[in-house]
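Starting from two chains that each stand alone, build the complex the way the hints lay out.
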Amino acid sequence: MKRITLLFVVLAMLLAACGAPVTPQSQSPVVLRVGWLGFPDTLNPAYAFLSEAYTIFDLVYSTLLTEGPNGKYMGSLAEAWNVSDDGLRWTFTLRPNIRWHNGEALTIEQVVWNFNTFIQNPDGWVTNSGYVKGFKEARALDERTLQIELEYPISNMEFRVAFLYIVYPKDFESFATPEELQNFTNFNPVGTGAFKINTLDKDQRVILLDTNPDYFDGRAKIDQVIYRTFDNSDALIQALRVGDIDLAVEVPNSAFDAVKQFQGVTAISLSGRSLTELILNSVPEDHDPPPNRNPAITDPVVRLAIAKAINKQDLVDVVLQGHGIPGVSIIPPTLGGGFWFNRNIQDVTFDLDEASRLLEEAGYLLQADGVRAKDGVRLEFRLQYPSDSSNYPRAADMIATWLGKIGIRATPAAVDPDSLMAAVTPNGDYDLVIWGWGSDPDPDFMLSVMTSEQYVEGGWSDSGYSNPVYDELFVKQQKTLDENERQKIVWEMQEIVFNDRPYIVLWYDNTLQAYRSDRFVGFLTYLSGIDSFKSLMNVEPVK
Amino acid sequence: MSRGGMLGRKVLFSLLTIFVVLVINFVLFRVLPGDPVRAVIGRNVKLSAEAQQTLREQFGLDKPIFPDQFLDTLGQWARGNLGISWSLRRPVAEILAAKLWNTLLLIGLGQVLSIVLGILLGLLAGWKRKTPFDVFALTFSLIAWATPTFWLGIILLAAGSTWLGLPTGGLVSPENVGKPLYTVLPDLARHLVLPTLTLTILYLGEYMLIMRSSILEVLSEDYILTAKAKGMTPWQVLWKHALKNAMLPIVTLIALNLGFTVSGAIYIETVFSYDGLGKLFQTALVKQDYPLLQGAFLLLAVSVIAANLLADVLYVLLDPRVKPT
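In order, the protein sequences belong to chains B and C.
By numbering that gives the first Met the number 0, the letter at position 10 of the first sequence is numbered 9, and the numbering carries on one by one without gaps.
By numbering that gives the first Met the number 0, the letter at position 275 of the second sequence is numbered 274, and the numbering carries on one by one without gaps.
Just so you know, these hints were derived from the structure itself, not from any lab.
None of the hints are false.
In silico lysine to aspartate or glutamate, DMTMM-like type, Cα no more than 25 angstroms apart, as pairs:
#	chain 1	residue 1	chain 2	residue 2
1	B	LYS478	B	ASP85
2	C	LYS178	B	ASP200
3	B	LYS220	C	GLU174
4	B	LYS475	C	GLU49
5	B	LYS135	C	GLU49
6	B	LYS132	C	GLU49
7	B	LYS201	C	GLU93
8	C	LYS243	C	ASP318
9	C	LYS62	B	GLU179
10	C	LYS229	C	GLU216
11	B	LYS71	B	ASP84
12	B	LYS132	C	GLU56
13	B	LYS201	C	GLU174
14	B	LYS533	B	ASP517
15	C	LYS62	B	GLU178
16	C	LYS178	B	ASP209
17	C	LYS178	B	ASP222
18	C	LYS178	B	ASP202
19	B	LYS201	B	ASP233
20	B	LYS478	C	GLU49
21	B	LYS487	B	GLU452
In isolation and in its complexed conformation, chain C is listed as follows (with noise of 0.2 angstroms):
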C-alpha cells in the first residue's frame, strides 16, 4: 500500500476512536454519582426543590439517558454545536477556543525550551559520560523529574515574586486585561517566566534521561566504531551519525506529551491562576457539566490521537526501516 493510502487509513481509524471516546465519555459522566443541578447550584444556595426541577428539565436530565440524552446529544454534535455550558452559561465551543491559545503557548514555551535544552544536554551528559558533568546532568534530571510539579510551582512563585518582584499569577496585568496580547507584550513575559520555567524544569529531567540513555546505547553500535575508524571527528560521528538514530525514542516521547500537556498543564495553572484548559477541565468536573465535559474531552481525545498520528508519521519519515504496510 502506497504512503498515501497508509495515511488515509490511519486518518480513518483515528476519527472512529474519536468517536468511540465520545460515546465512553458520554457513559462515563452519568454514571458519575451524585446530581448535576445539585452540583452547579452548590449546597449554600437556597433554591427551592421546584425551581431545582425546573433547572433539571432545562438540562434535559428529567428524560432517560437512552435514548432521549444520548440521541439529543449526537445531534448536537452532527449539527458541529457542542452545546451551552451548565455552569458558566456560555457556548462549550466559545470557552475552549478561549482557553485553548493561552494552554498552547505555555505549553509551546515550555515544551520547546525542555524538548531543545533536554536533547543538548543529554546528548552531552551520554558523550561525556562518567565525567562530572554526566553525574550533575543525570543528579539533576532525576531530582527535576521527581519533584511535585505543585511543590516546584509554589516554591518558584514564592522567590520569583519575593526577590525578582515578578508577578504573583494570571496572563496579563489587570490593568492590561481586555486589551489585545501583542500590545503588552512585556507584561505578558513577565507573567510567562515562572509557570514556563516550571514546566521547562519538569520536563526538561524525562528528556534528558531518555537522550542520555538513547545516546548511549546508540554509541555502543558497531557504525559508530566504523566512522569513528574512517576518521571522522566527534562532533561528525555525534551530529551525523548518532543524534538521528537516537532521536526515535525521543519523538515518540515528544508525541506524547504534547497530546497530553493540553491537560497536563492543570497543576501549573492552579499554581499561576493561569487561564487555561487544565483548570477549566477540572471545573468541569467539579460541577459535573457535561457539555463542558464533553467538550472538553473531545478535545483532549483530538490532540492526544492527533499527536499519535503525527508521531506514527514522523517514525516513517525518520526511519526507513518503519515500512508503511
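Extracted from the complex, chain B is given alone in its bound form (with noise of 0.2 angstroms):
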C-alpha cells in the first residue's frame, strides 16, 4: 500500500501544479523574451562557430564599425576614419568616453592590444584570422587615435573590421597557448555593447542580458532580453502563441500562414542573404584525385538545357510557399543593398521543349526507355542533397521529375551531410547536387567559393570550378579600392559564373520571423533579421 500512497502524493503535487498561477511578473522591467532553435557555442570570439553566439557578441560587445542601412558602414566605437592614399594604413578616432560593463574606461592600448594579438596569434583567434588576412600591424596615434597597417590595400577593410569584436583583454592575456583559449567558453563577458549578460545557463539554455545604462550610443528602450532555446519549431511556434516568448527568431516555411493567424502576431517575410544552388560537378579532368562523375555534365548544351529544365518560380511556390524568390546570381540582390548584385544577368526561360531540342540538335537521342544517349553516354545523373533539409527533398522531385520530361534521368537520393561534403570535396565523387549557403554582407566569401583554391580538403568550393580569369579576377577585387571599380568586377564575375554554369542558382530564401505585436513595437527590418542588435536598441512596448 505505500507504492499506492506514494502514487497519490506524487499525483496531487502534479494536480497542484496545474493549478498553481502563472509566476507574477513585476510591472516596471520591460523584458523582451526571444525564441530561437539554438545556443551559442562558446562566446569566446576566438573559437565561435554558430550563428547564435553572433548575436550575442554584437549585444555584448561593439565593434570599431557596424554595419548599417544599404550595406553601407557606420561609426560604432569609431566616430571617424579614413584611408590613406596608398592604401595601405588606415585610421579610426574612437568616441570618448566609452566604458567597459564593470565601469573601467576603454583605453586605445585594449583597442591596439585586441588588433595585434588578432594578427599575431591566427592559431588561436581561429575565427578571426580570415579578417586580419593582410594586417600588418595596428598602432596607437594619440590617446583616441588607432592606425592599422596592412600588407596590401584591402577593399572590404570596413566590412572585415565590423566582424572584429573588441574584447576586455584582461579576460584573454593570460592563455599560453592557441588550445588554453580555446577551451575558455567566457560565458561571463565584458564588453562595451549595449547590453550586459545577467545570467547564462549553458544547461538549461537561457540567456539573461540586462541593458547597459552607460551604452556608448544611448540606452535601449527595453530594461532586459532573455533568449530561450527550443529542441524543436512546433514548441516555439506555440510558445509565442500562448506568449511565452515575444519574439520567434526562426519560423519555419510550413507554419508562416498558421503565425499569420495568430491573434495579436505580427509574422515577417524578410529578403534574406542565403542562396540555395544546384552544383553542377565541374572539377578538371586532370584534378586529383580525378572526379568519378558522368561526363555529360560538363558539356554546356547539358548544361543549358539543365537550366532551361527548373521552373525556378515553380519551386520557390511550392518548396518556400511563396517565401522567396527565383535566383540568377551567387551573389544575393540583398549584399549591399543591391549594389554587388549584378541585375543585368538574364536568366534562361522555363522551356521543356526548347531544351529537347538543344539536347536532340547536340546528338542526345532519345532511347527506347526514354533516356538521351550520345556515343554510348546516357544521360543519367545523380541527384544528391544533404539529409538535413526539409526543403531539398522536395525540389530533387520536382527537378527530377522536369528532367524526366526532356529525357534526362536523375536520381534523387538524400545524403548525410557529413559524408556529402567528403564526396564532393575535394573528391569530385558526384554528378548533380543541392546545396545552400548563407552569404557573408560582404560579396568577397561568395565569389571566393567559385575560386580554384579553394578546391582542397577543408576548402570551400564544392563545385570544383577551375577558370583562371575568374580566379585573376577575385585577387583584383580584393585589392580594388574604389567601390565602383570592385562593383564592375564582382559583376562580372558574377556573368562568368552564370554563363559557366558551375552552379544553377535555385532561388533566394526569405528569413521568417514573427512576434507579439500587442506587445512590442519599433522592430527594424533592414538587417538581416527583425531579432539584429539595432533592432532590439529601437524596440519598445506598445504603449
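Structure below.
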C-alpha cells in the first residue's frame, strides 16, 4: 500500500502544480523574450562557430564599425575613419568616454592589443584569422586614434573590422597556448555593448541580458532580453502563440501562414542573404584525385538544357511556399542593398521543348527507355542533397520530374551532410547536388567559393570550378579600393559563373520571423532579421 | 558457489563488457563518414583551410587512429578523464553530470508513475477479464503503446499550454534559471507535468499489457485453484499468490527499460526542450564530437549493464527457483 500512497502524493503534487498561478511578473522592467532553436557554442570570439554566438556578441561587445542600412558602414566605437591614398594605412578615431561593463574606461592600448593579438596569434584566434589576413600591425597615434597598417590594400576593410569584436584584454591575456584560449568559454563576458550578461545557463540554455545604462550610443528602450532555446520549431511557435515568448527568430515555411493568423502576432517575411543552388560537377579532368562523374555533365549544352528545364518560380511557390525569389547569381540581391548583385544578368527561360530540342541537336537521342544518349553516354545523373534539409527532398523530386521530361534521368538521393561534403570536396564524386549558402554582407566570401584554390581539403569550393580569368579577377576585386571599380569586377565575375554554370542558383530564401505585436513595436527590418542588435535597440513596449 | 561469489563474477563480467563496449565505440565513431572538424564548424563558418588544420591537430585527428589516437584515449580513460567536448568546449564529465540528474528526474517520475499504474491496472484488467473494464484497459494500453512519442508530446504540449497555461518547454521559467532547484519547486513541477504525463502514458500501455497477460497465465495455475479452494478471499489470492509470481516478467521489463530510458527520453526531451541526456546524445552524434560521444555511450553502457545486473540479482531474490550457479 505504501506505493499507492506515494502515487497519490505524486499525483497530488502534479495536480497542484497544474493549478498554480503563472509566475507573477513585476510591472516595472520591460522584458523581451526571444525564442530560438540554437544556443551559442561559446562566447569566446576566438573560437565561436554558431550564428547564435554572433547574435550575443553583437549585444555584448562592440566593433569599430557596424553595418547600417543598404550595406553602408556606420561608426560604432569609432566615430571617424579614413584610409591613406595608397590604401595601406587605415586610421580610426574612437568616440570619447567609452566604458566597459565593469565601469573601467576603454583605452586605446586595449584596442591596439586586440588587433595585434588577432594578427600575431592566428592559431588561437581562428575565427578572426581570416578577417585580419593582410593586416600588418596596429598602433596608437594618440589616445583616441588607432592606425592599422596593411600589407596590401584591402577593399572590404570596413566589413572586416565590423566583424572584429573588441574584447576585454584582462580576460584573454593569460592563455599560453591556442588550446587554452579556445577552451575558455567566456560565458561571463565583459564588453562595451548595449547589453550585459546577467545570467547565462549553458545547460538549460537560457541567457538573460540586462540593458547597459551607460552604453555610449544611448540606452536601449527595454530593460532586459531573455533568450530561450527550443529544441523543435513546433514548440517554439506554440510558445509564441500562448505568449511564452515575444519574438520567434525562426518560423518554418510550413507554419508561416498559420502564424500569420495568430492573434496579437505579426509575422514577417524578409529577403535574406541565403541562396540555394544546384551544383554541377565542374572539377577539371586532370584534378588529383580525378572526378568520378557522368562526363556528360561537363557538356555546356547539357548544362543549358538542365537550366532551361528548371522552373524556379514553381520551386519558390511549392518548396518555399512563396517565401523567396527565383535565384540567378551567386551574389544574393540583398548584399550592399543591391549594389553587388549583377542585375543585368538575364536568366534563361523555363522551356522544356526548347531544352529537348537543344539536346536533340547536340546529338543526344532518345532511347527506347526515354533516356537520351550520345556515343554510348546516357544522360543519367545522381541528384544528391544533404539529408538535414526539409526543403531539398521536394525540390529534388520536382527537378527530377522536369529533367525526366527532356530525356534526362536524375535519381534523387538524400545523403548525410558529412558524407556528402567528403564526396564533393575534394573528391568530386557526384553529378548534381542541391545545397545552399548563407552569404556574408560582403561579396568576397561567395565569390571565393568559385575560385580554384578553394577546391582542396577544407576549402569552400564544392563545384570544383576552375577558371584562371575568374581567379585573377577575384584577387583584383580584393585589392580594388574604389567601390565602383570593385563593383564592375564583382559583376563581371557573376556573369562568368552564370554563363559557365558550375551552379544553377535555384532561389534566394526569405528569413521568416514573428513577434507579439500586441506587446512590442519598433522592430527594424533592414539587417539580416528583426532580431538584429540595431532592432533590439529600437524596440519598445506597446503603450 | 555462494551468492556472494556469483555476484562478484557477474560484476566482473559487467566491467569486462563495459570495456569491450568502449573499444567498439571507439572504432565505430571513427568509421563514421565525414570530418569532425567540418561537423563542428558547420558549412557556414568561413574558416580557412589552415585554421581547420590547426583544429585538426588540436583534436589529435592528424595522428593515425591506431595506435596513437587509441592509446591517447585509453590513457585518458585510465586517468578517469573523459576529455573535453570539441563542440561545447567543456569537460565531458561535467556536461554529463549536469544533464544526468535532469534526465533521472524526468524518467524517474515517469517510470514510477507508469510502473505503479501499469501494474495496478494490468492486474485489475487480468482479474476482471472480459468485462468492459478489461476491454477498455486493453484498448487503451494498445493505443498508448503504439502512439509515436513525438506526436503524443506535441499534442499534449499544444493542449496543455493552450488550455491549462502550462509552460511550452524547459526545466524552469527563465526568471528562475540559475537558482537552486529546491527553491523553485512549484515552477519546476509545472514544467514537469507535460513531459512526465507523456512518458507515463507511453510506458503505461506496455506495463499494463505485460502485467495483464502475466497475471492471466498465473491465474490458470493449479495453486491458484488450491488457494481458492482453501477459502481465501479473491483479494488474498491475488495479493499473496498471483501477484508475486506474475511480477517476474515485469521485473525484466523494468530493468531493461530503466537501462535504455537514459537514451530513450530523446524524443520527449526534444519536444519539451528539456535539458537532458537524450538531446545531448543527438548533438554529440551530429557534431561527431568523439570525446562527448564516447563519454555519453560509456554512461549509456554502464546504465544498461547495471540495470541488467540489478535484474539478475532481483531474480534470485524474487524467485527461489533461480539458483545461483
